[in-house]
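**Student:** Chain residues, written in single-letter form:
Protein chains: 2
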Amino acid sequence: MPKIVDHDARREEIARAACRVVARRGLDGLTLRDVAAEIGFANGALKPYFPTKAALSEAAFRYVFGQTERRVAERTRSLRGIEALRVFAVEVLPLDEVRLDEARVVLPFWQLAIHDPAQAAVNDRSMDDWRTSMTRWLEEAVADGDVPDSAPLEPAVESLLNFMLGAQVTAVLDPGYNGPRQLREQLEFHLQNLMR
Amino acid sequence: MPKIVDHDARREEIARAACRVVARRGLDGLTLRDVAAEIGFANGALKPYFPTKAALSEAAFRYVFGQTERRVAERTRSLRGIEALRVFAVEVLPLDEVRLDEARVVLPFWQLAIHDPAQAAVNDRSMDDWRTSMTRWLEEAVADGDVPDSAPLEPAVESLLNFMLGAQVTAVLDPGYNGPRQLREQLEFHLQNLMR
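Quick mapping for you: the protein sequence lines, in order, are chains A and B.
The first sequence runs 1 to 196 under UniProt numbering.
The second sequence runs 1 to 196 under UniProt numbering.
There may be inaccurate statements among the hints.
[Said to hold, decoys possible] Pairs of lysine to any residue, SDA-like flavour, derived with a Cα cap of 25 Å:
1) Lys53(A) to Arg24(A)
2) Lys53(B) to Asp116(A)
3) Lys53(B) to Leu30(A)
4) Lys53(B) to His115(A)
5) Lys53(A) to Ala54(B)
6) Lys53(B) to Ala54(A)
7) Lys53(B) to Arg16(B)
8) Lys53(A) to Gln67(B)
9) Lys47(B) to Gln67(B)
10) Lys47(A) to Asp28(B)
11) Lys53(A) to Arg25(B)
12) Lys53(B) to Lys47(A)
13) Lys53(B) to Arg24(A)
14) Lys53(B) to Gly29(A)
15) Lys53(A) to Gly40(A)
16) Lys53(B) to Asp28(A)
17) Lys47(A) to Gly29(A)
18) Lys53(A) to His115(B)
19) Lys53(B) to Arg25(A)
20) Lys53(A) to Gly29(B)
21) Lys53(A) to Lys47(B)
22) Lys53(A) to Arg24(B)
23) Lys53(A) to Thr31(A)
24) Lys3(A) to Arg16(A)
25) Lys47(A) to Arg24(A)
26) Lys53(A) to Asp28(B)
27) Lys53(A) to Arg16(B)
28) Lys53(B) to Thr31(A)
29) Lys47(B) to Asp28(A)
Bear in mind the hints are in silico, worked out from the structure with no lab data behind them.
Throw the hints in and build the complete structure from the sequences for me.
**Tutor:** What follows is the structure, encoded as structure tokens:
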């Protein structure tokens, strides 16, 4: 019988390997050849899935965003209000090696997205999902009496989002001040300010 | 008489032109040829100043950091405490086209700095200068009675810094929620939280 190949699983395996290569060597260090070697594929075996480096890097970025979505959905499923917001932020902040590698993929992605509308669209979709969820959780926190109803919701949501994105940069480039313990303290500082 | 060339001024002119090219076309679009054309220099005239693209891009990044330092030093000279902190943050936030272009240079710089210790050192020096100033202004704000002395200084400084860095990303990629008016509101939200 012919071997049945799960093409979706293979695409994901390749995207995950591309992330590892970008995290280790930067976007300039991403080649189809190195990604193939990373997972023991023959040279040329990636071409049917990702014919160009651009297609491969876009897949890597989608993979990182997808991983974050998946973790967030799992962890916040049964939560609401301020607790959901806290758990969400903890999942997005780069607090372990896996998420630090994700940040090392997101940083080069951002600079591509400035000049590439397709990459920018990937980013926009995630950011819109995030702000929709964050706004809902914050409204729940107000309804629960955890956050005063005088709190300005849009600046509260967007400044928290900006804080989490800045932390992607500093956790990688400035870890002495932005290690896991410190980022959690900064997050609590934000949340406690919201809750006063 | 032979024409006297001010080599420092010329280096700065070239670095400024390199910033414009990176802002418009990304780091991949930066070539010695395009920068020479941008300022009407002959091909090859840049080589004595910046022999490689790497040297040119490092000069562009140093120029952006230098411009921010210069503006901050000018504007905060006669200020202290919470007002100095506010004016500093307003200078760093990308609130006009000049600073949006600077953000378009900083984003590609970050991803280079992940894998290049020389670029990382440029970043570290600026960040250390910033947090030293921010900590001093915050201590003054406590002494002035504007910020309660129960405020945790390090999380307050670092989370504000992370917010300002995240805003470099979103002002460029997500301007609908991070235009000048909105970023100022987010900054005020931060400062008002500090002052309670």
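**Student:** Would you check the hint for lysine 53(A) and alanine 54(B), treating anything up to 25 Å between C-alpha atoms as holding?
**Tutor:** 22 Å, holds
**Student:** Keeping to a limit of 25 Å between CA atoms, is the pair of lysine 53(A) and arginine 16(B) held or broken?
**Tutor:** 31 Å, violated
**Student:** Hey, lysine 3(A) versus arginine 16(A), does the alpha-carbon distance stay inside 25 Å?
**Tutor:** Given pair lysine 3(A), arginine 16(A) holds - Cα atoms ~23 Å apart, limit 25 Å.
**Student:** Within a Cα-Cα threshold of 25 Å, do lysine 47(B) and aspartate 28(A) meet the stated pairing?
**Tutor:** Distance ~23 Å between lysine 47(B) and aspartate 28(A) Cα, so the pair holds.
**Student:** Please work out if lysine 53(A) and glycine 29(B) have their alpha carbons no farther apart than 25 Å.
**Tutor:** 17 Å, holds
**Student:** Going straight from one Cα to the other, do lysine 53(B) and arginine 24(A) come out at no more than 25 Å?
**Tutor:** OK: lysine 53(B) and arginine 24(A) at ~22 Å, within 25 Å.
**Student:** Is the Cα-Cα distance between lysine 53(B) and leucine 30(A) 25 Å or less?
**Tutor:** 19 Å, holds
**Student:** Just to be careful, I want the Cα atoms of lysine 53(B) and arginine 25(A) compared with a cutoff of 25 Å; is the pair within it?
**Tutor:** 19 Å, holds
**Student:** Lysine 53(A) and glycine 40(A): Cα distance at most 25 Å?
**Tutor:** 18 Å, holds
**Student:** Starting from lysine 53(A), check that the Cα of arginine 25(B) is at most 25 Å away, please.
**Tutor:** Cα-Cα ~19 Å, so holds.
**Student:** So if I understand the rule, the pair passes when the alpha-carbon distance is 25 Å or less; does lysine 47(B) with glutamine 67(B) pass?
**Tutor:** Given that 25 Å is the threshold and the Cα spacing comes to 24 Å, the pair holds.
**Student:** Hint check: lysine 53(B) vs glycine 29(A), CA-CA at most 25 Å. Holds or violated?
**Tutor:** 17 Å, holds
The structure does not agree with the numbered hints 8, 12, 21 and 27 stated previously, though it agrees with the rest.
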